[in-house]
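**Student:** Here is what each chain is made of, one letter per residue.
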Amino acid sequence: MSRSTFSGPVQVGVDDAPFSESTVAKIGPNWGFAKMAQSYPIEEQGGQITTSIIIPQKSVVTRISALVSVAWAASGTNIVNIGSAWGAYPGPDVDLTDPSEYDTDDLVKDWDLSAVGMKVAGPGDTDNLTAGDINNWMNLPREAPFADRFVIYDTIDITTGAGRAVLTVEYCQAVNLEAIA
Amino acid sequence: MAANSNPHKNTYNSTRFSGPVKSGSRWFPVPSYDRETVPGTIAATALPNTGYVICSQSAGVKQTVAEESVNNIVLPAGSMILSIQIIVTTVFDATDDKDLSIYCRPESALTWITDYVNLGAVGVYDLGNRITTSATANRWKDVSYIPDVKAGDSVDLIADSGAGGSQTGRAILTINYIPGLHLLT
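Each protein sequence line maps, in turn, to chains A and B. Sequential numbering of the first sequence, starting at 1, is according to my numbering. Sequential numbering of the second sequence, starting at 1, is according to my numbering.
Bound-form chain A, shown alone (with noise of 0.2 Å):
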């Protein structure tokens, strides 16, 4: 199909919706963020993995998911973690070894993708995360340099599976959250 592509972030609403607050009649925008996805097959390997996924920067990550079509071999909770890196790579599938470049779980941690299905991040993936980290999920990247990055993942438990699946990161694109964030 065609594409339209634009700078964004691509908005909807209009600027004179009227509405009440507190019996008071009221004019206002009432906008939203159109929310946006990029995709990454991720597979069962050891390292820190780039991927081609680069987010915005003062983006709001609002779900990260990852469709399961082969299983991951891997036991228990110490599978997969989600990170970003902002270093300069010669393209995705390299496995980063600076670390100063790359936070390999400031995302997502200890996910466990060992059964086929559609996984998404929630509690037991996220609430594990390094103090203060939650809030790249508010506003990408909390922590300099503050730019685009890469999204990368990491399977520690590697073994010898041949876990498959597609890695989705949904986000708003430079809602820019800095204020409360």
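Incorrect hints may appear among the rest.
Partial selection, computed: residues in chain A whose CB lies under 10 Å from chain B [unchecked claim]:
id : residue
1  : Thr5
2  : Ser7
3  : Val10
4  : Val12
5  : Met36
6  : Gln38
7  : Arg63
8  : Tyr89
9  : Gly117
10 : Pro145
11 : Ala165
12 : Val169
13 : Gln173
Estimated spans, in silico, between C-beta atoms of each pair [said to hold, decoys possible]:
id : chain 1 : residue 1 : chain 2 : residue 2 : range
14 : A       : Gly91     : B       : Gly19     : 25 to 35 Å
15 : A       : Thr23     : B       : Pro106    : 47 to 57 Å
16 : B       : Asn118    : A       : Ile134    : 31 to 41 Å
17 : B       : Leu184    : A       : Gln45     : 18 to 28 Å
18 : B       : Asp96     : A       : Ser2      : 41 to 51 Å
19 : B       : Val74     : A       : Gly28     : 30 to 40 Å
20 : A       : Ala131    : B       : Ser108    : 56 to 66 Å
Chain B side only, calculated, beta carbon under 7 Å to chain A, not exhaustive [as the list claims (entries may be wrong)]:
id : residue
21 : Val21
22 : Ala44
23 : Ile131
Keep in mind the hints are simulated off the structure, nothing from the lab. C-beta atoms are modelled at their ideal positions from N, C-alpha and C, and glycine is treated no differently.
Please arrange chain B on chain A, whose structure you already have, making use of the hints.
**Tutor:** This is chain B only, laid out in the frame that chain A set:
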């Protein structure tokens, strides 16, 4: 409510695009992120950061023994399904909790998108956990991968509830998807 009807009603004018809508501050003419076109290394701040707008379609569904088309939910070719939500307003009560499943039928045979789900209470249900096989996961990954779907054809959805019960179940079905991603085709 008519069987499996579309509840959409425009509240004001809409803007429609034939293809996927993408947004990002860099999309062209920066190179693609692969080793063939990027000699050396490249930073995130020099790469395309465009994403796809997520689309959704909703329809009312009801408990019926025979499978019925979900009117006006037709997914574009190559779409990836991200989530399927059901808001139950009147409980379903089919035999063995086979309350509702989602299919498609490009030819004569039905192909599962989700296994049956128990809708025995009013509430909001996420059908992502009703993917039970790799084959079903691949149908979510790319709807054009479904058997008998012709290349370039859109995919019509069908809802089915099992036998038994009073058949008074009512719900709103919502599919969230990325159009035209073509991960497998």
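**Student:** Any hints this thing doesn't respect? Which numbers, in order?
**Tutor:** none
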